[in-house]
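Asks: Listed below, chain by chain, are the residues.
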Amino acid sequence: MHLDTSAVKEPGAYTGYIRKKILFLCACTAALVLLAFVSLGVGSVTIPFSDVIQTLVYHSSGNVEMIVWNIRLPRVLAAIVCGIGLAAAGVVMQSVLRNPLSSPYTLGVSQAAAFGAAVAITLFGAGTLGRLISDAIVVNNPYLVTICAFLSSLIATSVILLVAKYRSTSPEVMILVGVALAALFTAGTTFLQYFSSAEQIAAIVFWTFGDVGRATWSDLTIIVAVITPCLIYFMVKRWDYNALDSGDETAKSLGVNAERVRTIAMFLSSLIAAVVVSFLGIIGFIGLVSPHMVRRIIGDDQRYLFPGSCIVGGIILLGADTVARIIIAPAVLPAGVLTAFLGAPLFLYLLIRGNPS
Amino acid sequence: MILSVEDLSFRYNSHPVLKDVRCQARPDEIVAILGPNGAGKTTLLRCMNAMLRPKTGTVMLGEQEIFSLSRREIAQSIAHVPQHVEPPRVTAFDAILLGRRPWIGMNVRQNDILKVQAIIEQLSLSDLALRHVDAMSGGELQKVAIARALVQEPRVMLLDEPTSSLDLKNQHEIMRFIRSIVHTHHLTALMTMHDLNLALHYADRFILLKDGMVFAAGGEEVITAKLIEEVYGVPVAIRRWGGRCVIVPHADADASLESPGISGGTVMGM
Chain A
1 MHLDTSAVKE
11 PGAYTGYIRK
21 KILFLCACTA
31 ALVLLAFVSL
41 GVGSVTIPFS
51 DVIQTLVYHS
61 SGNVEMIVWN
71 IRLPRVLAAI
81 VCGIGLAAAG
91 VVMQSVLRNP
101 LSSPYTLGVS
111 QAAAFGAAVA
121 ITLFGAGTLG
131 RLISDAIVVN
141 NPYLVTICAF
151 LSSLIATSVI
161 LLVAKYRSTS
171 PEVMILVGVA
181 LAALFTAGTT
191 FLQYFSSAEQ
201 IAAIVFWTFG
211 DVGRATWSDL
221 TIIVAVITPC
231 LIYFMVKRWD
241 YNALDSGDET
251 AKSLGVNAER
261 VRTIAMFLSS
271 LIAAVVVSFL
281 GIIGFIGLVS
291 PHMVRRIIGD
301 DQRYLFPGSC
311 IVGGIILLGA
321 DTVARIIIAP
331 AVLPAGVLTA
341 FLGAPLFLYL
351 LIRGNPS
Chain B
1001 MILSVEDLSF
1011 RYNSHPVLKD
1021 VRCQARPDEI
1031 VAILGPNGAG
1041 KTTLLRCMNA
1051 MLRPKTGTVM
1061 LGEQEIFSLS
1071 RREIAQSIAH
1081 VPQHVEPPRV
1091 TAFDAILLGR
1101 RPWIGMNVRQ
1111 NDILKVQAII
1121 EQLSLSDLAL
1131 RHVDAMSGGE
1141 LQKVAIARAL
1151 VQEPRVMLLD
1161 EPTSSLDLKN
1171 QHEIMRFIRS
1181 IVHTHHLTAL
1191 MTMHDLNLAL
1201 HYADRFILLK
1211 DGMVFAAGGE
1221 EVITAKLIEE
1231 VYGVPVAIRR
1241 WGGRCVIVPH
1251 ADADASLESP
1261 GISGGTVMGM
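Those sequence lines, one after another, are chains A and B.
Just so we're aligned, residue 1 is where the first sequence starts under the numbering used here, counting upward by one.
Just so we're aligned, residue 1001 is where the second sequence starts under the numbering used here, counting upward by one.
No wet-lab data here; the hints were simulated from the structure.
Bear in mind the structure is a predicted one, so any value in this text is a computation, not a measurement.
One or more of the hints may lead you astray.
As the list claims (entries may be wrong) - Label-pair distances were calculated between CB atoms; the ranges are:
| id | chain 1 | residue 1 | chain 2 | residue 2 | range |
| --- | --- | --- | --- | --- | --- |
| 1 | A | V337 | B | P1016 | 50 to 60 Å |
| 2 | A | T221 | B | P1016 | 54 to 64 Å |
| 3 | A | L348 | B | R1022 | 23 to 33 Å |
| 4 | A | Y233 | B | D1134 | 20 to 30 Å |
The beta carbon of each residue, even a glycine, is placed where N, CA and C say it ideally should be.
Turn these sequences into a full structure, and let the hints guide you.
Replies: Laid out in structure tokens, this is it:
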């Protein structure tokens, strides 16, 4: 069969419709960049916008230089990259499991990664205790922590994939799987705490609060090195995720190897969750909230939903961290607390509404 | 022969579903796969599309064995419209554009957009193009699913119960639509069906499955009351009305003789 297109004109209405989606992505990107500059200036020490720009461009000396380059910039970049990564993991999980309630946090993958990281820190000596509460745990072997977190998250992912294969991916089943896995791995972490000293318990508890402030430049390098290839892979495969949104049968008839795409997507999502948890602790709900916000505006088309969710994920985590820095200044809240305040009500809303997609 | 199945057997775990199935389909024809629930109709379609790997036997697409082809190569020749289409929240245009997946790499080309527009114009779906498919009726959704299959530019279309859950008007509209595209584009369509009269009205050939085996295959001449009774276990009568065969349940056969709408009926195969 061959479709003749010689007499067909370009569909103007559709082109306009796509242009609006691209405009939305551009607007979100601009908002993220603007928020990043604002975020560099706020905190316990307020730095004027012009000084932030001057420091970034001309490398001025003094305290401002130190605060912007050594404290705020890695923090802002970590928030952006991890927000993007968690949102990417969430949107891809929701697509390949065909389940709107999926995300690394709601499926227990983040908790599993936290358990693995806690094992590396407490049992394998990959972390040492700091003297200050702001550096309660210093990870001196980030590779070991990340690998342990990833291996542990793979256990959770394998269970999810097995249930998806032999039972179903219905929202209720997946959420129950998430509850079970989260309980199991949280119990594992508690078990570790039980045999730890009081200082170690405090350190682990503090460490499990998701906080972007502890990211250093070297941490950021590893986070970026892991998340970027995953994002590129997801972007390349966004057509496959679109096909999977219509069901496995349709996807296969369109030439998609549904099982392979689902397995790789879940493993890469776990890897992202593991690396974020290893360096920043558990930050919940970004992967759930941002795809739903973007889906409401530009629909399910993964070509735009995926990048849109990523950018909005970056905005939410950076926004949460920025607010966390000023809400009870000079003290700084962990960003994970604020994302939970934002995400939990939405999660309940989605559960009550039944079929959100 | 564009698609031929030879000695195909398939089993789910230890339960045999298809046994030594042989059938063929040619270009420019609609083949109806008939049979009671559980006869193996959907499984046969899935084997033809390499979604299920049979235990024994072969499926040939032209001169090539289907399992020697990649999923993408199969999708470039065979389009499949499943019985249940699960609609995501995308516009009809985007849902149809997905049918270009076997032909595109990273990005959609202008030519892909034009092909979607061409099929939308051919099928008079312009009013639906920017509507979200998750808010469409069953008939509209089925048309979009068929349009997506067509934009794959396949040689063979496999349709699983294309008229299930449609009202009478939409059933005939969809079937007319399929018949016209099959003949316009010289395609081969194989479809599973439960409505025997609809199949008799639109299909060129019939494959009757019973207990996973081909009970009969051929043109309209193979459809006899005796055969239908043996396959479905229900006594029926077949009447001619307006030059076409109509199957009526046996209990209603006498009444239908007296019906003003059906006159001059002759019982076939009784």
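Asks: Confirm or reject each hint.
Replies: Results of checking the hints against the structure:
1. V337/A - P1016/B: 50 to 60 Å: holds, 59 Å
2. T221/A - P1016/B: 54 to 64 Å: With Cβ atoms ~58 Å apart, the hint holds.
3. L348/A - R1022/B: 23 to 33 Å: violated, 57 Å
4. Y233/A - D1134/B: 20 to 30 Å: holds, 28 Å
In summary, the one numbered hint that this structure violates is 3.
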